[in-house]
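Protein chains in written order, with this note's numbering: chain A, 914 to 1162; chain B, 46 to 446; chain C, 3 to 334.
Derived by calculation from the structure, the hints in this document are not laboratory data.
Quick reminder that beta carbons are idealized off the backbone N, C-alpha and C, glycines included.
Take these hints with a grain of salt, some might be off.
To be verified - Where chain C lies over chain B, by a calculated footprint (3+ residues, C-beta under 8 Å):
1. 71-84
2. 119-127
What the hints assert, rightly or not - Sample of chain C residues lacking proximity to chain B, with all beta carbon distances greater than 10 Å (derived):
3. Ser32
4. Val39
5. Ile66
6. Lys152
7. Val154
8. Ala166
9. Asn181
10. Trp185
11. Tyr307
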Amino acid sequence: MAVIYVENLYFRYERGRDVLKGINLTIDEEMFPLAIVGPNGSGKTTLLKNLLGIVKPRKGKVVVAGYDVIHLSGKKRAQVVGGVFAHSVNVARIPVIDVVLSGLYRDGSPLGGYPDSAMTKAEDVMHLLEITHLKHRLFSTLSSGERQLILLAMVLVQQPLVLFLDEPTSFLDPYHRYILADIFKNRLKGHKIVFTSHDIEFIVATAPFAVGIKNGKITYAGETSQFLQEGFKQVFEISFNEYVGVFRL
Amino acid sequence: MRKRWLLLFISLLLVSAMFVQVAYSAAVVDDVGRVVRLYTTPKRIVSTAPSITEILFAIGAGDKVVGRTDFDNYPPEVKNIPSIGGFSTPSYEKIMSLRPDLVIAAKSFSKDLFEKIAAEVPVMVLDPHTLKDIANDIRKVGIITGYYRNSQAVAFKVESIERAVRAFIDDHRDKKVFFVLWYNPIMSVNKTTFIGQMLDDIKVTNITADLSSPWPMVNPEYLLSKDPDIIIMPKNSMAYGGKPAFLTQEPWKDLKAVKAGRIYYVNDDWVFRPGPRIVYGLMQLAHIVEPSKFVGKVLTIGLNDRVYAKASYKHELKDDSGTVAVYLNAKEGRTYISKDGASNLFGVEVGTDFIVYGDKTCKVKTDDTGIYIRLRDILNCMGIKDVIWNGDYREIYMLLP
Amino acid sequence: MIKGNVKVIIFIGGGIVLLLFTMLFAVSFSAFSHDAVFISPPESWAAFVHLITGIPPTSVSEKIAIFRIQRVLAATLAGGLLAIGGVLYQTNLMNPLVDPYLLGVSAGASLGAVIAYRFHLSGPTWIYAFIFSLVAFSFSYVLGKGNRLKIVLAGVVISSLVSAAITLVLIMWNDSLHNILAWLMGSFAMADGRKVLLEFVVFSLLFIFVLINYRVLDIMLLGDEVAHSVGIDIYVYRTIFLVMASLAAAVVAAFFGIVSFVGLMAPHMARILIGDKHFMKVPLSVLLGAILLVIGDFFSRAALYPMEIPIGVFTSVVGGIFFLYLVVRGDW
């Protein structure tokens, strides 16, 4: 059974033109980590929002891990999908540990707060991502790289079946980009990760599978190595070789 | 030969003299310091406030009024005059379409509108602060409209009634009075408003006289701590439906004035409008504190009404301007009025030695001629105890219910 | 934010003490001149007991005490209501500079009052103010559905239209405007036991609801995507919170006129002092709002006793200074 199955998805914001024009996608068990690659405005983030159920499509079906995400109630949905949108997060003056614990919102009770097991989980995740030292800092005082890691921690604590990240490496300094790549490659075995990006190096390093998207349509779905041959040029208008040629590191 | 030339010259002079027009010129300084000058008597006057309309009608210039505001309601004839709109936002087009040759405005008139109109038509601005100012305004209107003599009479009435009340009324400063302008929030008046001045004229203690705002919001606990003896309110705006409901609530219901029923109403138009009827308001207020003395309305004695006095005066009071106001004691004084005068002034039917007032028939004393009736008898029949004469016996001031 | 718990105890504990002290002070005095009556604390307590138990007062000073107690309680609860409304608005619209009157609540209340005065409608003025207030809010909410920015714009649109309607009614007025203007500028002078009771009921329900859902608010503050991701039905919660916040603000506006800035300042000050965690921010905002209005009400009646100054004057001045401070400090 496909982990992600999208059929004939059309989506638009508020009576504009369609941003997603008939998306069809089937992602199987082994196709993770998966990168959704495309230029700005191609609909990557919008696709992600549809997959998470944040927005409702005009037409079409979205099924994740067998569940119809659009029609799931909140707490059930949180068990299936979880997302990190580090760019549209609001910098609240809340301690980091509380942000991380939020991932387990569905397990908490009113006024009672979180169970002790939640705290243990949170601490374990923070240890895994090497951010324990940020535990009592205020979320608003963190750098964008640190925020990214905190939000990742939150979604890991949540433990949905599939994790989605939107442009995780944009605005990250080299150090945090390095850390994130290391985390994706080595420390998240067993999690199914999907992220949107146009950070080619990062994609090559961390995602063996890729989906290409341009102008609201899927142009490619399959192995990343294959994508770099033809799919790259389709999406970015220059060939991978030309790109590498300029940015030879 | 020379005589003829002289004659011709003189006759030419006389003839040309007939053609010399005596130029009409009326100039007055209005209440904002502007000099308003007209060269002909105005025939199309626009009034922008109800008080101004009343002044114009009172001095006899009513037929010259071609425009008034929506809120003008007195005298009743004003409803036939076209309206120019509201109080502070009348219509420029409407005003100008009436082709006025004089516009009289109150100070609250919109400044921009005023500038626009003043560029084309003479505008006089009135802004009285005291009853004396109102009297002077009446005179100014009289000067500028060519009705000066009438305006003097009206102005004089305003001034002398105020003086008479001040002179006659006893000291009531032991009585604390609260004027209820509004009840939610509680609002009253201070001494700078017309009402405040009139409360001072009737020599009561207005418990909000010294507050800094003309229409101050009042702390309810102040009412409890001062516990006024008398509560006065304007009838239309506060008691349009009968006894106001708020009197049954806190803090009112605990006040001695409410418990004793000492709640009095005055006519809104009389106490708020800076026009000739302001003195009716004053009389109404005076009646509240001294109901026996100030009972009714003002009567003006016409020239044919013939009055003479063979009186012995109980009191003769002079106020500071030297005007004498005479107070006739109920029991003494022999003032007689002609039978015609009696029926004209008091609306009574007169017989040989009796009069009929409403459903009462009273015997009256006449003098030797049989034409004159004793004034006191008429007043007793009508249930009026006291009157005030003005100095030259032209007017009797008394309030009829 | 080290040792946060100590800071919380100091602020909230201190806040409670300060509030109680301010309330007592406000009940004891009405002015600094000999004109006004001084009510000693034992007398205040006796009056309070009588108020609760319904025994009618005996002396004049007891009646005055009851008046003051009603005012002070009304101001306290109003401060709390506006503060909670402010927190809910600021969190749900993710904008620390919004006030719970934003979505037409104050404009609607004003229109209701103006119409009630103009047409001499029977019954208490506050009923009309309250109804119009909620209607205006509903229009704003429906117009701006779906989008946080859109709803703010919708609020501006509705408020402008309603203000235009108010102006229209006012210029066609033939009595003096003083009474309606006084109402509009806000005052606790007309507080009575019934209003205080209603405020208390609304406040308690709201306060409990907000505290129960403090985690939802914390998460919603982080953003729609985060909240959605962890399983919160953001649209449902946002509607509930905004409706409740508007209800709270409408109650205050309908009973006492337009008391500006408190709904903006109290949550903001609390935020600066204690951070964004709602479990602490909400109680502290409530305390700050209450203290602010009790002081404001005292100022309104004491500055020019026995003349009342509309409380809007005080809150606007304090609000202005507060904003100046924010601008200078550079951080909000």
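Hint by hint, here is what the structure shows:
no. : hint    : in the structure
1   : 71-84   : violated (count 0)
2   : 119-127 : violated (count 0)
3   : Ser32   : violated (6 Å)
4   : Val39   : violated (6 Å)
5   : Ile66   : violated (5 Å)
6   : Lys152  : holds (35 Å)
7   : Val154  : holds (32 Å)
8   : Ala166  : holds (14 Å)
9   : Asn181  : violated (4 Å)
10  : Trp185  : violated (7 Å)
11  : Tyr307  : violated (7 Å)
Hints 1, 2, 3, 4, 5, 9, 10, 11, counting from the list given before, are not met by this structure.
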